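Could you build all of it, start to finish, from the sequences and the hints given here?
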Amino acid sequence: MPGKAKAIEIKGLSKWFGDYQALKDIDLNVAHGERIVICGPSGSGKSTLIRCINSLETHDFGQITVDGIELNQSKASVAAIGAEVGMVFQQFNLFPHLSILQNLTLGPMKARALSKAAAEKRAMRYLERVHIPEQAHKKPSQLSGGQQQRVAIARSLCMEPKIMLFDEPTSALDPEMIAEVLDVIVDLAEDGMTMICVTHEMGFARRAADRMVFMDNGEIIETGSPSEFFDAPKTERCKTFLNQILQH
Amino acid sequence: MGLLFLLAGCSASGTWGWYVINPATSQGYNNIRFLLNGFGATILLSLIAAVLSMCIGLIVALPGMSSNRWVRLPSRVYIEFIRAIPLLPMLFWVFYGLPIVLKSMGLSVNIDAFWGAIITLALSDSAFTAEIYRSGIQSINKGQTEAAKTVGLNYTQTMRYVILPQAIKRILPPLANQFIYIVKMSAFASVIGMQELTRRANELVVTEYRPLEIYTLLILEYLVLVLIISSGVRWLERKMGSDESG
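Chains as they are written, first to last, in my numbering: chain A, 1 to 248; chain B, 1 to 246.
Everything labelled a hint here was simulated from the structure, so no lab data went into it. Small disclaimer: the values here were computed from a predicted structure and weren't measured. There could be a bad hint or two in this list.
[Stated by the list, open to error] Partial list, computed: chain A residues near chain B (C-beta under 10 Å):
no. : residue
1   : GLY18
2   : TYR20
3   : LEU56
4   : ALA79
5   : GLY82
6   : LEU98
7   : LEU101
8   : GLY107
9   : TYR126
10  : ARG155
11  : CYS158
Where a beta carbon is used, it is the ideal one built from N, C-alpha and C, also for glycine.
This is the structure we're talking about:
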C-alpha cells in the first residue's frame, strides 16, 4: 500500500539478552485494523517482540515503525509511539494503592492533562465498555482476576490508543474467568482496533484473528490466516506445537 | 534485668545519692530542670537532621537506580564514602574544618554547634536512608513501572504517583529505626558544646560529682524518647496498613 503508512512495520529486528539471541531478524507488517495473534512455545520471543514495539525492551538491530513514526532511542519517538500503543500485561499490573477509577484516570490526567471531570467521565465510559462500572470505587485487590484484567484493558483504552498489545492476557487467570476477558477483547477487535495478541487461547485466535504468527526460538516460523494455520500448517514445528496445545 | 539487680544491689550498699536529682529538694529540683531542658535541643536537632537526611537520601538514591552506570556512579561513591566515616571525626571536620574550607572559597559562614551537629548527622545518616529508599523502591514489582510507562507517565510522575506511595510502607519501619539512631547519635553534639541532654548531664556531673545518678537519668531520658518515637511509628504503620486494604 504505497502512500499509506502501515500500523506497524518491523524490519530485520534482532535482540540479545547477553549472549542469548531472543529475536532473530524479525520482519512483520501490521495493517491498520488488522488483528494478529502470536503463538509459540514459551521462550520463543513472542513477548519480547511486542515489548520491543512499545519500547519496554530496547532492540539491538533492525527497524520498528509505528504509524509512520520510527522508533529510535530518542525520548520523543518513545513518547510518540507510547501514545499510540496500549498494552495489557499477563499480571494486570494495576496500581494496588489506587482505586479502580484512579487507576483509569491517572494517565489521562497526568500525561494528557485532562481535567478530573473529563478523565472520570472517560473512565466510566470504558468501565461500562468492559462491563464493570459498579466496581469503580473499589481497590484492585477486592476484584477477581478476570475483573482486574478487564480494568487493565479499560485503563489502556482510556489513553485512546490506535493499537493494542496484549501480552498473554489470560495466562494468569483461573479458567472460569478467561471467557469474560476474551469477550472484551473480541468486542474490541470487532470494533476495528488494530491489535497484536500473544496468547495460547486457540479458540479465541480462530474467532478474532485475521492472521496467525507462529514463533519459535526467536524466529517467525509461519504466518497465515487462522484457517490455513490451524487446518493446514506448513511446517513440522508448527504441527508439533499445535498437536501439543490442542490435545488439552 | 541484670542491670536492675545490679542497681538494686548498689542501693542496698548505700552507693546511691539520689538527693542530687530529688525534686523534693530545691537543689534536686533545679538540677532536674537543668537536665530536662536538654530535651528541646535533642529533639529539634534530631528532627531537622532526620528530615534533611530523608531529603538527601532520596536525591542520592534515585540516580543510584539508573540503568546507566555513569549516572549510578556518583551515588555509589557518595554512599560508600559517607558510610565509611565515623560520626565523631566527621563532626570535628564539619565543625572545625568546614568553615575554613568555606572561607577559602570566599564564603564566610559561621557554623555553630547546632548546625554543625545537624549537618553531620544528616550527612552521615543520608547514606543509610539512601540505601533504605533503594531497597524499598526496588522491592516494588517492575510491572508497576512498565504499566505506568504504558499510560504515558514520565519518570518523575511514575515515582510520585505509582512507586513511592507503594514503597513508603516498606520504607517507613527502617526509616524509623534510622530516626532512633539519629536521636541516639545526637549525643555526640555534646562534644562540640551543644547544650542537649548529654552535654547538660556532663556539666552537672562536673559540678555535683554524682555520675551514677545523673547518667542513669540520662539513659532513662533517651529511653523515654525512643519509646515514644517507636510507638508513634507503630501507630503510623497501622494507619497506613488499614488505608491500603480499605
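Next item on the list: Double-check ALA79 (chain A) for me: the hint is only fine if its C-beta lies closer than 10 Å to a C-beta in chain B.
Entry: 8 Å, holds
Next item on the list: Let me know if the C-beta of GLY82 (chain A) comes in closer than 10 Å to any C-beta of chain B, holds or violated.
Entry: 6 Å, holds
Next item on the list: Identify whether the interface hint at TYR20 (chain A) stands, where standing means a beta carbon of chain B within less than 10 Å of its own.
Entry: 19 Å, violated
Next item on the list: Have a go at the GLY107 (chain A) hint: is there a Cβ in chain B nearer than 10 Å to its own Cβ?
Entry: 3 Å, holds
Next item on the list: Would you check whether CYS158 (chain A) satisfies its interface hint, that is, whether its CB is within less than 10 Å of any CB in chain B?
Entry: 8 Å, holds
Check: Taking the least C-beta to C-beta distance, is GLY18 (chain A) closer than 10 Å to chain B?
Finding: 15 Å, violated
Next item on the list: Have a go at the ARG155 (chain A) hint: is there a Cβ in chain B nearer than 10 Å to its own Cβ?
Entry: 6 Å, holds
Checklist line | Closest C-beta approach of LEU56 (chain A) to chain B relative to 10 Å, hint status | finding: 5 Å, holds
Checklist line | Per-residue hint verdict: LEU98 (chain A), partner chain B, C-beta under 10 Å | finding: 8 Å, holds
Check: At a threshold of 10 Å, is the proposed contact between TYR126 (chain A) and chain B supported by beta-carbon distances?
Finding: 12 Å, violated
Item checked: Hint check, LEU101 (chain A) versus chain B [nearest Cβ-Cβ separation less than 10 Å] -> Since chain B brings no Cβ nearer than about 14 Å to LEU101 (chain A), farther than 10 Å, the hint is violated.
Hints 1, 2, 7 and 9 from the list above are not met by this structure, while the remaining hints are.
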